[in-house]
Amino acid sequence: MPQSRPAPSPAVPGPGHKGSLRPAVVLPTVALLAGALAVGCSGTHRTGASPSGRPAASAASLTPSSPAGTPAATSSGPTTATDCEQPPPAEVPGAAGALTEAESGTYCLAIGQQLDVFLTAPGGHKPGAPRWTPIATSAPHVLSPRSSGILTAPVGVTPGIFQALDPGTAELTSNVPGTDRTWHATVVIR
Amino acid sequence: MLTASLLDRITRRRRMAAAAVSAAALAGAALLAASPAGAQVPETATHPDHIASAHAAGPAASGTSNLVYGGGPIVTSPTIYIVYWGSQWGTGSTVTNDPSGVAPLQLSFFQHAYGNGDTWSNSVTQYCQGVPAGTTQCNGAGTPVGHPAANPVGGTWLDSGVTAPKRASQSQIAAEAVRAASHFGVTGTNVEIIVDSPHGVTPSGFGTQYCAWHSSTTASGSSLPYTNMPYVPDAGTACGSGFVATSGGVNSATEGVTIVGGHEYAETVTDPVPNSGWLDSAGAENGDKCAWISSGQGASAVVSMNGASYAVQSLWSNNFNGGAGGCVVSYTSATNQH
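Quick mapping for you: the protein sequence lines, in order, are chains A and B. Residue numbers for the first sequence follow the UniProt record's numbering, so the first one is 1 and each next one is one higher. Residue numbers for the second sequence follow the UniProt record's numbering, so the first one is 1 and each next one is one higher.
None of these hints come from the bench; they were simulated from the model. Just so you know, these numbers come straight off a predicted model, no measurement behind them. Note that CB positions come from ideal geometry on N, CA and C, so glycine has one too. It cannot be assumed that every hint is accurate.
Unchecked claim - Covered stretches of chain B, as calculated for chain A (at least 3 residues, CB under 8 Å): (1) 204-213; (2) 237-249; (3) 254-265; (4) 287-301.
Unchecked claim - Pair by pair, the computed Cβ-Cβ distance ranges are: (5) R181/A to A253/B: 42 to 48 Å; (6) D83/A to T76/B: 36 to 42 Å; (7) R181/A to T218/B: 16 to 22 Å; (8) D83/A to R167/B: 31 to 37 Å; (9) G178/A to A324/B: 20 to 26 Å; (10) A102/A to G161/B: 37 to 43 Å; (11) P122/A to S295/B: 42 to 48 Å; (12) Q86/A to P132/B: 31 to 37 Å; (13) P89/A to P132/B: 40 to 46 Å.
With the hints as extra help, turn the sequences into a complete structure.
Pasting the structure below:
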């Protein structure tokens, strides 16, 4: 008999994830994403269920354990007044924006949008160099990790793919073990 | 430069020494399907029985949790089709612009990934479908991921009738995969279309955010798994050039072609319609969990596959270490994963 443990979240990933996208979904390109992002950052307060009817709570089962030393704070309530800026444009299709270790501000997303994070090790692409730890989200029911396994990240790059599920604020964090390097960014979902 | 005549010579040599696999020429295409020469049981350089379970320095970024079945399809009978996308590769049916020799290396690698002579990719057979979602150990239940008994390459095609975009979007890459599937007359989850971008054409994010990725689209009403495979040597060390100490005639500069290509292949057969197959709790697949390990258990290595040597990365095995899981470069056989 097969051995089981509780099933992960629904197999079909949310919109914006490149692993799940079909051409018809992808067709809205950067311009449309930018437009949607502008709506998300315009102060329009959106409420309601997660996209595609997916129960937000199920996303929690996809959450990796937070690395030691990462903030435990979770702010998941609706945010109405936090200043945020659009993340830099994504290079990988399907995402509304992408962050690197150089971006540590407060960024805004609309519900359903995808945010990619790529943290390059301080040693660059050198094999064996200390890498950033897996990127943790403080509020997975607001900003949920998605599979990055469909891509082969470059040497020394720690990827993280996240989808905005519900209004609120989430902190993304990572660190380089054995060093004092830490990274964090704040994401406001409206 | 890779010419049709050279490919034909390679094909003929391989036919002489291996199981019969048909090769057919399609109009306007260089279709090759041959088994490698000198089939033999390869050396198992890093058999897990002989290796400590400690993880390497610079371990994979996706943690140590085992893969869990998501309830979707897996690939039970893998067949690989390669499309060289665009006239930048060459005109007619002949690849002429391939300065690093990516096309013949990639083709050779997959042509050798079969049978008892391939102990690198056989770990995928531990994963299956037809079991409840949430399963972590199939234990013989369901239908396992297929490990080819013979050369799994169904064909190659130089699509010189179009020009590959300078910075292709996902929808453009997916459309090319559909175009190739139509050319080959195939679809379904047992098919993997590899879309090879030509030298000098850099899809968005290549080399900085990814080296390759796989996804699925729809063709003829069925899911069609495909892989976006840029010209990997163009990214240099970021995508594997010089990652492994060379041996067996492996060219350091092109190690990434097989490391990255193998990564995507192994992920495609275990999760052809992302993310519904086998993933861990963070959404990582069997290749991602073991990417770019440079030393210790699961370190990337040069392995022998049916008599030829290739640089590969390890793959995540739930079976390893008494079911605790780990990164494994090779198993003795598809049925002996302990």
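Outcome of the hint check:
no. : hint                         : in the structure
1   : 204-213                      : holds (count 9)
2   : 237-249                      : holds (count 5)
3   : 254-265                      : holds (count 3)
4   : 287-301                      : holds (count 7)
5   : R181/A to A253/B: 42 to 48 Å : 31 Å, violated
6   : D83/A to T76/B: 36 to 42 Å   : 52 Å, violated
7   : R181/A to T218/B: 16 to 22 Å : 43 Å, violated
8   : D83/A to R167/B: 31 to 37 Å  : 32 Å, holds
9   : G178/A to A324/B: 20 to 26 Å : 25 Å, holds
10  : A102/A to G161/B: 37 to 43 Å : 42 Å, holds
11  : P122/A to S295/B: 42 to 48 Å : 19 Å, violated
12  : Q86/A to P132/B: 31 to 37 Å  : 42 Å, violated
13  : P89/A to P132/B: 40 to 46 Å  : 41 Å, holds
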